[in-house]
Structure formats: C-alpha cells, structure tokens
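A.B. asks: Sequence:
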Amino acid sequence: MSDEIAARLTEMGITLPEAAAPAANYVPYVISGNLLYISGQLPLEGGKVAVAGHLGKTVDVASGQRGAELCAINILAQAKAALGGNLGRIRRVIKLNGFVASAPDFVEQHLVMNGASNLIAGVLGEAGKHARAAVGMAALPLNAAVEIDAIMEIAE
2 MSDEIAARLT
12 EMGITLPEAA
22 APAANYVPYV
32 ISGNLLYISG
42 QLPLEGGKVA
52 VAGHLGKTVD
62 VASGQRGAEL
72 CAINILAQAK
82 AALGGNLGRI
92 RRVIKLNGFV
102 ASAPDFVEQH
112 LVMNGASNLI
122 AGVLGEAGKH
132 ARAAVGMAAL
142 PLNAAVEIDA
152 IMEIAE
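Each residue of the sequence shown is one higher than the last, beginning at 2 in our numbering.
Note that these hints are calculated values from the structure, not bench results.
Bear in mind the structure is a predicted one, so any value in this text is a computation, not a measurement.
Each residue gets a CB set at the ideal place from its N, CA and C atoms; glycine is no exception.
Incorrect hints may appear among the rest.
Label pairs and their computed distance ranges (CB to CB) [what the hints assert, rightly or not]: (1) Gly85 to Asp61: 37 to 47 Å; (2) Ile15 to Lys96: 19 to 29 Å; (3) Asn26 to Ala82: 11 to 21 Å; (4) Thr11 to Ala139: 35 to 45 Å; (5) Ala63 to Asn35: 34 to 44 Å; (6) Ile32 to Asp61: 32 to 42 Å; (7) Glu5 to Asn144: 28 to 38 Å; (8) Arg92 to Ala139: 32 to 42 Å; (9) Asn144 to Tyr27: 14 to 24 Å; (10) Asn87 to Ala21: 13 to 23 Å; (11) Asn119 to Pro18: 14 to 24 Å; (12) Asn119 to Thr16: 15 to 25 Å; (13) Asn98 to Gly126: 15 to 25 Å; (14) Thr59 to Leu36: 28 to 38 Å.
Below, computed lysine-lysine pairings styled on BS3-like, alpha-carbon distance capped at 27 Å [to be verified]: (15) Lys96 to Lys130; (16) Lys81 to Lys96; (17) Lys130 to Lys81; (18) Lys49 to Lys96; (19) Lys81 to Lys49.
Work out the full structure: start from the sequences and follow the hints.
C.D. replies: Below, the structure is given as structure tokens:
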C-alpha cells in the first residue's frame, strides 16, 4: 500500500479488515487485464451486517451513509487482497454500483451512496473519483441496507 494511502486511512481512523470470504459460489474479485472487478460488498463490521433494513422505513439516511461507508471499506479490503496489499496499484476507480434497500417512496439513494463516494475519494484522492449508480432495491442479501460493487483500473 502506498504511504500516502496508508496515511489517509490512519488520518480517517480506518483500519481495513481482512477481506470477507464469499458467501456462495462466486469469487470476491476478478482481475481481467488492467481491470479489477470487486463483487458486491455488504456493510459488514466485525463479520456481521451492521446496517440492516430499508431506507425510508427502518433506516435513516445518516445510517444508510454509514452502511455505504462500511461497504466502501470492504471494497478497499478486497482490493488490497487482490493487489497483494498494494492499494497504490489502483490507477482509477472507474465505477461504483450502489444498491439501496428502499421503501417504495424513498428517493434519496444518491445521498446514501455519498457515504461510499466520499470515503473512496478521501482515501484514494484523484484516483478515487468515479462514475456511479445508486439504485433502489426491494431487498438485499441478509437484510443489508446497502450493497456496493466496484470496477477499478489497476497498474500491472
């Protein structure tokens, strides 16, 4: 990991967890050429879903943003595992796809995703600025409030 990224993580009070193992028949990440695809990450903390329920029903926007931050931390943990510990190999986060468990009338998925976008940009600097989607969903695995996947360009 680059010293600059490590310093930003420390400054933000973030310790990356061990990358979570897949919960079914899939891999946590795939590298194809210079692209790193990271499977959807849930808001896990200490091995458990930390933010569960539906935005606009049982979860408020601030809690949803915290869930998105946890997803982003887990994305970085998966990237670290994929890249042999060297997050400095990330040239650019191309896109984050955010899925937000939402009540039918909830329309602030974009605000929830700001939690992840702000964290990724804060940790990776210019390389963390990305395109994204924020989509409302009827339900997510394990009743998670948020799930996010990522596509990154990496250096060889």
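A.B. asks: Now, for every hint given, state plainly whether the structure supports it.
C.D. replies: Hints and how they fare:
| no. | hint | result |
| --- | --- | --- |
| 1 | Gly85 to Asp61: 37 to 47 Å | holds, 39 Å |
| 2 | Ile15 to Lys96: 19 to 29 Å | holds, 22 Å |
| 3 | Asn26 to Ala82: 11 to 21 Å | holds, 19 Å |
| 4 | Thr11 to Ala139: 35 to 45 Å | holds, 39 Å |
| 5 | Ala63 to Asn35: 34 to 44 Å | holds, 37 Å |
| 6 | Ile32 to Asp61: 32 to 42 Å | holds, 37 Å |
| 7 | Glu5 to Asn144: 28 to 38 Å | holds, 37 Å |
| 8 | Arg92 to Ala139: 32 to 42 Å | holds, 35 Å |
| 9 | Asn144 to Tyr27: 14 to 24 Å | holds, 20 Å |
| 10 | Asn87 to Ala21: 13 to 23 Å | holds, 20 Å |
| 11 | Asn119 to Pro18: 14 to 24 Å | holds, 19 Å |
| 12 | Asn119 to Thr16: 15 to 25 Å | holds, 18 Å |
| 13 | Asn98 to Gly126: 15 to 25 Å | holds, 21 Å |
| 14 | Thr59 to Leu36: 28 to 38 Å | holds, 36 Å |
| 15 | Lys96 to Lys130 | holds, 9 Å |
| 16 | Lys81 to Lys96 | holds, 17 Å |
| 17 | Lys130 to Lys81 | holds, 18 Å |
| 18 | Lys49 to Lys96 | holds, 26 Å |
| 19 | Lys81 to Lys49 | holds, 20 Å |
Of the numbered hints given earlier, the model fails none.
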